Every structure is written in structure tokens, then in C-alpha cells.
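Asks: Okay, here's what each chain looks like letter by letter:
2 protein chains.
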Amino acid sequence: MNRPFIPLHLQPESEIPLYAQLRDQMRALVHSGELEPGDRIPASRELATQLRIHRTTVATAYAELESEGLIVGYVGRGTFIREPATQRQFSPPPREASGPLRWEALFADERAGDGLTRLLPEVPSDAIGFISAKPTEDLFPVDDVRSCANAVLKREGKKILQLGASDGYGPLKEVLLDILRVEGIAARDSQLLITDGCQQSLDLLAKAFLRPGDGVLVENPAYPGALSILTSARVRCLPAGVETSQARQRYSGLDLKVAEAVLEQNRVKLILVTPDFQNPTGATLPAAERQKLLELAARFKVPIVEDHIYARLRLRGNPVASLKAMDRNGLVIQIDSFSKVAFPGLRVGWCVGPERVIERLRLLKQASDLHTDQLAQATLAEFVRRGMLEQHLKRMIRIYRRRLEVLEKSMERHLPGGVEWSRVDGGMSVWITLPAGLDAGELLLHARERGVLFVPGRYFYFQEPQPNTLRLGFAGLDEQDIVRGLVTLGQVIESEMRKKQRGGARHTIEKPEETRQRVALI
Amino acid sequence: MNRPFIPLHLQPESEIPLYAQLRDQMRALVHSGELEPGDRIPASRELATQLRIHRTTVATAYAELESEGLIVGYVGRGTFIREPATQRQFSPPPREASGPLRWEALFADERAGDGLTRLLPEVPSDAIGFISAKPTEDLFPVDDVRSCANAVLKREGKKILQLGASDGYGPLKEVLLDILRVEGIAARDSQLLITDGCQQSLDLLAKAFLRPGDGVLVENPAYPGALSILTSARVRCLPAGVETSQARQRYSGLDLKVAEAVLEQNRVKLILVTPDFQNPTGATLPAAERQKLLELAARFKVPIVEDHIYARLRLRGNPVASLKAMDRNGLVIQIDSFSKVAFPGLRVGWCVGPERVIERLRLLKQASDLHTDQLAQATLAEFVRRGMLEQHLKRMIRIYRRRLEVLEKSMERHLPGGVEWSRVDGGMSVWITLPAGLDAGELLLHARERGVLFVPGRYFYFQEPQPNTLRLGFAGLDEQDIVRGLVTLGQVIESEMRKKQRGGARHTIEKPEETRQRVALI
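Residue numbers (our numbering), protein chains in the order written: chain A, 87 to 608; chain B, 87 to 608.
If we strip away everything but chain A, and leave its shape as in the complex, we get:
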């Protein structure tokens, strides 16, 4: 709960520094019970204004209280008095005391779990799951992969099984540089780093650039895996909305007006953006707006991290050049992988960027896990070299395009009036906005009872979650299931809308049971 007022009495004339006075009084308030675990305390800026002291003084006091384990800050939520159990975290462990080790007290950062755990409803195996943004495994070219793995082990097995270079397996780097060239990016070998996938690329970028408190401009909503990394890096996520076509905006994608304001008002360390078929909204930033974003980045001298993972899944319309391809100032670091177009079980991705950034990331990669698995790298290289990737991608685009069309027809036909959705030209999902007042979390409960699943929008927001949004992933379902799923979904939404109009028993419904899944929400 919020406390409107904390009784603090600082004495500027005292010998005791103000920060120490503040720290000691706050500590006393906790010990006396005036401040209780869970209580929210004012932001340092706010308290500094109230007390008419310098913000650094408050920040210093807070830093000490935090390192004592008395308070804890959550990105985007505020600073709170900590549970007593965790206060013991930073005091010396009781020696000779009996009882087993308390592991919780040893973890570096209890907040990590907060950022890391994204709870997901349990998925019954027979459900129609619009949950996923992963490629459908029934279409995996398993025999082709097998033939590639076989060939590379036969031809270069010793090299593959030996310890390798931290920047990546040479033959894979070569074919990727060719692909990049075709996509308008003339990169050298020293500008390309192979990683274990986009998730690791983001993790390395966070290690390379971000300190606690740094500002990062992020789309809101965004990919939960990116938010996990940013949360555990304890940075300030500065939101810019994502325009979707549903609202008949001038353009879709990152809201540049907001982005510019954020850049003007904050010291921003990085811009993280997915210009093509953004996850979860499916929005794509047009070329002219990409140019503007690049100009903003150049003006404020802030690097852009471009997540390019969905870009090859363009199902219709003309491709737009990537930010990296348009970048004339060396400001863009592009992260990418074939996980969305081929098979995510092989953990391979890459980063392209300025040489000195790539060299820094390479050192961090080496310290993180030496190098990426070489059987996966060699197999993928062979898969590309033989033209199998191109062939597979063409097939997937044909199939996914058809699924998208079926989905659009079904939404048109089966979703009640007042439900809006984004028009997407690629990727793996559409974004649905229910009439105001409906809660996608509650909807999921009823849909699940009837065998249909989706991801409520709130999993993707780090600020101001819109409870009436949801993501429908269409790539993993065949056309029949898409139609059947939409029929059910339409009925459930209609029923919820009727209840809502009757002022119905909305609040009697139990919250959906959530379980930690061992598979990430992607």
C-alpha cells in the first residue's frame, strides 16, 4: 500500500550527513513498525523535493538501505519495504547455527525471479492453441536436416567436435555474410558474431551496454524474453507505444512522437525495436518512419538494437529495407536468427554491428559459454548452402499466408462487432483488441474450458497493460483448427459481452490458475 506521509525530520545543521540521517531514520521507522513490509516509499526524486534536499542524498540513503536488504526496487513499480525474511540476506550468516542452509538468503537478487518468471496458463494437450509464436513442427524438413548433419560430420567432423572460435563457425559466418549482402548489408567477418539465438544476443547486449538505472527505449507491448533481460539488468524501460493498423493510424509500428519525447526527456542508452511484424502486435514500421527513427538515433547518438527475427516471414506486400540496411551512421546492431523461419531447437542466432561492438560482444560470449554449438552451426550452414533454407522458407510462407487468410476470414465472420484486430502482412500472430471493459484473462478461462487458448496481452506489457488485448498465434495451427478455434472464441467473447451488458457475475470467476512453464513464452 502507499503511505501518503513518512515522518522524517532531517537536521541540515547536524554533523551527521543528511544521507546518513535519512538512512537511519528510515531504518528506525522499519524497526518500529511505522513502515511495514510491502509499503511503498516515495521515489528518490519525489522525496528529495518534499524534503528540499538534493536527490543524490536520497539516492545514497536508498542505496545503503537497499544493500542492507531493508528496501527493494522494482522497475516500473517503485520502491518497497522488504519482507523481514529477506532482510537477513545481507547480514552475516549465523555461524554454528543449526538447520539447513537458507538458499533464498544467498541469491544475488530476489527480483530476478520477478523479471524472469512469466507465468502461463497450463496448456491441455488437446486444445487448439493460438498460444505460440513458434514454427509448426509438422512442417520441419527433418530429412533435409538429417542429411545436412550427416554430410558435415562426414566431411568436417573433427573440426566440428573440437573446441571452436568464440565468434562462430567459419562456414556459417560465410553463408550468413552472403545472405546479409543480398539484404543490403555489406558486413565483414569481424562485424558478425554467432550466438545461441536472439535471446542470447539480447543478453550479451545487456551485459555489454546496460548498468542498473540506465534508460532503454522499448516498444510497449514487447517480447517477454527481452523484458526479462531488461528487468534483471535493472534498467529503466522507457515505453513507446506500438501503433497497429486496426486504429487506422497514419502508420503502424513504433510511435515516433513518443519516442522523440522520450529521447528528449531522458538519457537513453539503447533503443530496442522490432520494425518487422513486431511481437506481439504484428506491426511493421514503414520505410519513411524507419528513416525518421534513424535520424532520431543519430541526433541523440543512441544506438538501435534491431530485432530482425520475424522479417523474413513476410507473407504479402513488399519487403521494407531493414534499419541496419538503411543505417549510414553505424548506429544499428541487428540481431537475428532462423528460429522463426526454420527450427528453433537448433540454438543459433547472430548479431551484426560495428566492429568494436562485435568484438566486445565476442569477449562476453566467450566468458558466457565459450562458443555456440558447432554441430548446429555446421548443419545450418549446410542447410543454407544447399538452398534448402530458401526452399523451406518459400514453403512456410505459402502455408502461413494461407493460414493468415483463413484466420482473417474467420475473424471477420465469427468475432462479434466491437472486436478489432491488427492487419498484419507477416509474422506469426495478430493482435486483438476486445471492447473496453472485457478482460482477456477472464476470457481465457472460458475459452480454455472449451478447448481454445491464446495469450492475454498483459504478458507483453511492462507498463499500463491493456487487459482487453490478446495475441492470436496462427502459424502453428492448420486451417481447420483455425476456423474451429475462431468459432468458439467468437461465442465465448459474445457471451462475455452479454454478461458485461447485464452487469453480470464477472467478479465471481476465479482467476486462471497459472503455472511456471519450463518452455519460454516466445
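Worth flagging that the hints you see were computed from the coordinates, not collected in a lab. Hints should not be assumed to be uniformly reliable.
If chains are identical, the list can't say which one is meant, so a pair holds when it fits in one copy or spans any two.
[To be verified] Cross-link-like lysine-lysine pairs, in silico, DSS-like; alpha carbons within 27 Å at most:
hint	residue 1	residue 2
1	K220	K259
2	K240	K585
3	K244	K220
4	K259	K244
5	K240	K220
6	K480	K220
Here the structure is a predicted model, which is why all the values come from computation and not from measurement.
Given the structure of chain A, go ahead and fit chain B onto it with the hints provided.
Replies: Same frame as chain A, but now just chain B:
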């Protein structure tokens, strides 16, 4: 250079807090040029004693100066005035200013490079390289691996190529739990996490447990990859020496007397230890001393991270139960992989530990790279299930044992008197101590001219490097090369000893040229 005295005049009676006075005066000294980039400043404890103020006051001032980019601390080396170029790191970037982006100014931590870059001499391809602690690729069972990869892709290809569980591929976890059971560790599925190898296991453990400033008890010398991680986590590495058999100690391995003193005098967060065939010394801790170490850990309630990567490479003598197998208090987290006994190009390792630790590591793993490559996991599982690992390991042990024997005979015969070496019973290397006054770095220069390479001991120390030590890796060389290499090495050492006795031209020799290698020093 060291400055014996810094002119500081604090006024305890001032309204300005002492820490702010200290900070401002230090800043002024830098700006006036009294303190210059590269100057070393006293440790906070030392300065606090000199100025008769509390250490926290000095630490607070230093923290602020550091975040301003004026000073920089290096683990084990001290705190220094920073180069002016890097001072700009933390001031807002000049807007509208011309010129390209200064990436260096954006990196989160310049010290990272320091911990991450371990420079190694360039390796001529025709040299006899006693450099490596990796298995020799000529002995890789490539055809067996190929047949396993083939079989698993045929049988479970769709599952392998699909996104997987963050805790690991089920079939691999099963065979590993069987192996662990045989080794005396009765672990459940929830106590086992698959990683990309021991390097990643260490990285995850650092993320889970370590905050800047935490104390970690580490063997000195130790595996450089572990030191890289600890350095970039900015922890205090608290050294305990490693006894080797050469000095006719009561026992070999971690010095328990020192370890106990370190535990008594410091708040230690973790103990990191390699009880079997420690890299680089090859030392193995006997069973009785393992028991004592476990008792110490229980007494001080400090978890032990046991690096078990070399343990299966026992070439003679009886195996000693692992710390994890002896652990009755749930204090040990064991990290392991087959990279030393099979093939490191497949990046797979694992951690076994208490369930709540493994769950925390799993969340961090998921945020780091979703999960480990599944083709590698499935292939390894099949390799184990078919008995191929056991068969391969037997063969490697036979071959390495013979190589070790040849090495020992060659050292006996060709190394001059005064050179000592550790007696090892397994692993991949022996540790050599030259007569005092000889420098292994200089020796390497001459040895390299004659086509023989090794790693000077200083790469493995984080404190008090012993310049007269070196590591000879024997596993990667055939018997003939071992003999030839030792003949040359003996001659070079003898020649250096003679020069030394003559007070020779030691200082006219150029330092060996070092280059960053894209392959990690392991």
C-alpha cells in the same frame, strides 16, 4: 605508479558530509593534475585508517567517483585514476555534435575486457603445442557421433528441432541421472539442469549468487574462464593456494588451513573448487580433506561449487568420491560436462544441486538463451545410451595414461635439476616449477623459436603470480612429440639457467608478442 601521499583535508565539523568532501577533493585533485590517469589511489580501508574516518565514508566517495568515471577498480590490482577519454563515459552524450558515435563511451563496464581478455601467444601451426587442455581431435569417434545424430533425427527429429524445455532435453537428463547414481549422487530430475557447458554453468551461478563486492573463495591458480566470470561480476576473489605433490605436502589440492582462515575473516558467498585434477595444477584433494572442506562449508554455511569436469579422466589410482557424493547437508552444487572426455564442440554441460538452486538457475538459463541446443543434447544422450561414451572414455584413458607416463619419463630424463613438477593421476596437464628467478614468459619466447609451446603459469593466477611456473598439457600430443618437445624444452631451460647464472642479458629480450585469440584458453 603509486602515490605515497594524497593531500586531503577533511573537515568533520562542516555541514558537507565527509564522503562528499572526500569525493570533491579527489575530483579537484584529478582536475588540477595532482592525480594523473594511471595513478593508483589507496584502498578504501587504507585511506579510512589514514584519515581516521569510517570505511563506508571512503567507499561511498569512491563509488560516486567511479560512477562518474573518474576512477576504476581492478580486482586484485587496486583502484586507479582513469584515462580522460573514458571519463566522458558517464556524462550525457553531446547532442547535435558532429562525428561518429563513440562506442567505448557506451559500454557498461570497461573493466569487462580486462577480465575477459586472456592474451595468448600466437600458435604456429607446426609447433609442438603443450598449450591445450582439450581432447585431441584425431581420437574423436566421429563416425559414432554421426550415427547417433542420424538415429535421433530419424527417431525424434520433430521434437529435437522444436523449441525445448529450459531445464534440458528429457532423454539426456535421464541418462545423466543414471550416471550420477552410479557416481553416488541420487538426484531427481528437478535437481539437474542442462547448460551449454561448464562455462555457462559458472556464468549462471555468478548471475544467481554474486553481487559486486561479494567474496568468493577460489583456488589460486585457477581456470582462467572462471576468473573471467568472477572479474566481470566484480567480486572479491579470495585466494587459497593449491598444494601440489611436488613439494611433498601432507596432501595435495586446496590449502585447507588458508581456506579456513579466509572463511573466518571474510563473509564468503561461495567456495569454488576443482577437487579432481585441478586445472592448471593437476592436484587432487584426498577424501579426508574433502570431508574437512565439507565440514568447513557447513560450519560457515557457505555453498561449494564443485567443478567436476576432469574427474572422469582418472588415469591411475583409485577414484575419490566427489564432494557432491559426500555432501550430507545439501551444500554442494556440482558442475560438469563431457567436454574433457568426449568432444567440446558439442556445447553441453550440466549442474546438479538443491532443487531451489536449480530452479533459480533454470530461470536464469531461460532468460540467457531459452535452452541448450537439442541436436547436441539428443546426440549425446544417444552416445551415452549406446555405451559409446564408456567405450570412448576407456580408450582415451588408456591413451592419455601412456602419454602421461611418457611425459614423466621425458621430464625425468630431459629437464635439468632444480625443475620440479607435480605428480598427477589424471586430467590433461602437469604443473612445472622452474628454479626461482626464471620467468616462464621469457622461456616461452625461446621455446617458441624452437617450435615448442606451453602456457606460462601467470595466466592462471589472480594474485601473486609465480613467474617461474608453467602448465604442460599432454593430452593433445602423441608420444613422439612429447619426447621431442621435452628434449627441446630441457635444452631451453638449461640455456636460460646458464644465462641466469652468468647474470646474462635477460632484460634485452623482447616481451612475447601477444594476440587475442578467438579460441578461449581452457
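Asks: Of all the hints numbered above, which does this structure not satisfy? Sort the numbers upward.
Replies: 2
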